[in-house]
Amino acid sequence: MKGSNGAGGRERVIRFALFAMASISIFSVLLILLFIFKESLPAIRSQGFTLLTTNWSPNVSDPSAGSYGMLAFLNGTILTTLGGMALGAPLGVGTAVFIIQIAPERIEGILRRGIEMLAGIPSVIIGWFGLTLLVPYIARVTGTSGYGILAASIVLAVMVLPTVVVLSMEALKSLPHELEEASLAMGATRWQTIRHALLPAARRGILVAVILGMGRAIGETMAVQMVVGNARQLAFSLTERTSTLTSRIITDMGESTGVFRSALFAQGLVLLLLVMLLILGVKLVSRDKKVK
Amino acid sequence: MRKNCTRNGLLVGVVILALLLVMLAVGCGNGETEESTTPAKTEGEYSGTVKASGSTTVLPLAQEAATGFMEDNPDATVEVQGGGSSTGITQVKEGVVDIGNASRDLKDEEDDGALVDHKIAFDIIAVVVNPGVTVTDLTTDQVKGLFTGAIKNWSEVGGADAEVVVVSRDQASGTREMFDQEALGSSKDAPVVPAESAIETNSNGIMRETVASTANSIGYLSYGYINDSVKPVNYNGVEPTIENAKADTYPLARYLHMFTNGEPEGAVKGYIDYVLSDAFQTDVVSKDYIPISEVE
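If you're matching them up, the sequences are chains H and R in order.
Under our numbering, the first residue of the first sequence is numbered 216, with each subsequent residue one higher.
Under our numbering, the first residue of the second sequence is numbered 2, with each subsequent residue one higher.
The set of hints was computed from the structure by calculation and includes no laboratory data.
Virtual Cβ for every residue (Gly too), placed ideally from N, Cα, C.
Treat the hints with care, since some could be wrong.
Some residues of chain R that are not near chain H, with every Cβ distance over 10 Å (derived) [claimed, not checked]: (1) 64; (2) 115; (3) 119; (4) 164; (5) 235; (6) 240; (7) 267; (8) 279; (9) 281; (10) 294.
Straight-line distance between alpha carbons at most 30 Å, and here's what the computed BS3-like set of lysine-lysine pairs gives [unchecked claim]: (11) R/120 x R/247; (12) R/108 x R/270; (13) H/253 x R/94; (14) R/247 x R/189; (15) R/270 x H/253; (16) R/247 x R/270.
Work the whole structure out from these sequences, hints included.
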């Protein structure tokens, strides 16, 4: 490597270029974290635990006079995400099992393309679809406005599907062939093999798929904002209107100033903490695997 | 093989450098915009860049004026963005834009004495409902009750037995501010806010879309945005029309403004003059609003 001077020089340039690229990525992450923390400080200082209440009454002309409790929106984020996963996870894992285990090769290809395409549809289009088809449908069936946690959950389920399917497929594919063969050789049916041998063996990978899907759901903004109803109330019923952290930020960020703006950054901070928890979860799940 | 890799590495390095340079250039560009708006007037023709931002109510007017102004003055560029009244006023004070569009008057704390107000049109805000709602007339108290959530069912105001869905604008919208003050009786000391379950929308367009597509909904719109997809209702028996607003019998009305930091010069002045010109006021403004000359 250190043979000739010229090659060593080039080597160094490459190393420097790669180092620069890696630094830029890490640096930008740190910068974002630092920035969000710094921007949310005024709100944390002046609002304190009020931030964790449901009292959301911003004051535009005198921001420091307002109250900026985000609990209703945190609740909205958690409920819509859980709702999205409750619908999307079984659907995604089922699809993955079907593609890997059951589908004939030709259909497998079509399904795979379909899932890939779903991943490529911009969220605003899925949201618009939800707004024009899903919301009126829910309104007709339930006799409510149609907006709310249910609509957001269904939209999110569609959006997490590609993540869950693709990662679950990887988890199932990485299982040793002997496992399946042994199970079938013992006289187990295909269903018994899937249910009692393959899924338990791949459960960690599938869990990671679900957690990463949750990450996608927590951060989704546009599509959720279009169907969740954008109300500031704390909601627990499926057809009640509410907001998520992301939808609240995008609704109010345009014209907020002072503590109001800072409170929105504090919501971003909470969002980041949630995602970090998920990443930690993925780490814990995958580390267990290695120990075993 | 190794040589190829080296070359790729270098190439990547060059690309990164180029990107950084582009970023720098963009960063520098911001500082220069102010200079580019200085006048370079030749035989009645304007050149340079005019930047405007602010109220989404003013946006359609400002954009149409921009198109016309740029046709007349090929060397001039007008960039108009939304963002809301507060954004427009803040940005014109900071010098980010040349013109801040607003659909409300300056607040006391915003008035630093340097901003010059150009009233460009008169606007009316109408209470609108989903076309399926049978109610056609609402009193001040009914409107207040409906929007604050005190009245939850349309049957309480003579409509069908159905839950009211309130649609409001976002916190910082000038339209909402005016509506909260004039229609809901909100004041600085005693703020009145829409119901907790109200759907918040970011623009007149989304408000119309939401009211049009949500059964049993009620909201409010700038006069220019009303079309067949929503149903305007009378306010205290008065129809929201230009005639009634001009005659002062319809109270939910306001001026639209363009604010400049100091007296406008060069292309900025040319653009505002274009907006205030008889041709633009009668051809464009009068379609949706009341031309300013008819009010003053």
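Tested hints:
1. 64: holds (18 Å)
2. 115: Since the minimum Cβ distance to chain H is about 19 Å, residue 115 of chain R lies beyond 10 Å and the statement holds.
3. 119: holds (21 Å)
4. 164: Contrary to the label, residue 164 of chain R does not stay out of reach of chain H, its closest Cβ about 7 Å off (not over 10 Å).
5. 235: About 24 Å separates residue 235 of chain R from the closest Cβ of chain H, which puts it past 10 Å; holds.
6. 240: Given that every Cβ of chain H is farther than 10 Å from that of residue 240 of chain R, nearest at about 28 Å, it holds.
7. 267: Nearest chain H Cβ is 29 Å from residue 267 of chain R, so the label holds.
8. 279: holds (33 Å)
9. 281: holds (27 Å)
10. 294: Correct as stated: the minimum Cβ-Cβ distance to chain H is 31 Å, above 10 Å.
11. R/120 x R/247: Given that 30 Å is the threshold and the Cα spacing comes to 16 Å, the pair holds.
12. R/108 x R/270: holds (24 Å)
13. H/253 x R/94: holds (25 Å)
14. R/247 x R/189: Holds, because 27 Å separates the two Cα atoms, which is no more than 30 Å.
15. R/270 x H/253: Given that 30 Å is the threshold and the Cα spacing comes to 40 Å, the pair is violated.
16. R/247 x R/270: Given pair residue 247 of chain R, residue 270 of chain R holds - Cα atoms ~28 Å apart, limit 30 Å.
Comparing the model with each numbered hint stated earlier shows that hints 4, 15 do not hold.
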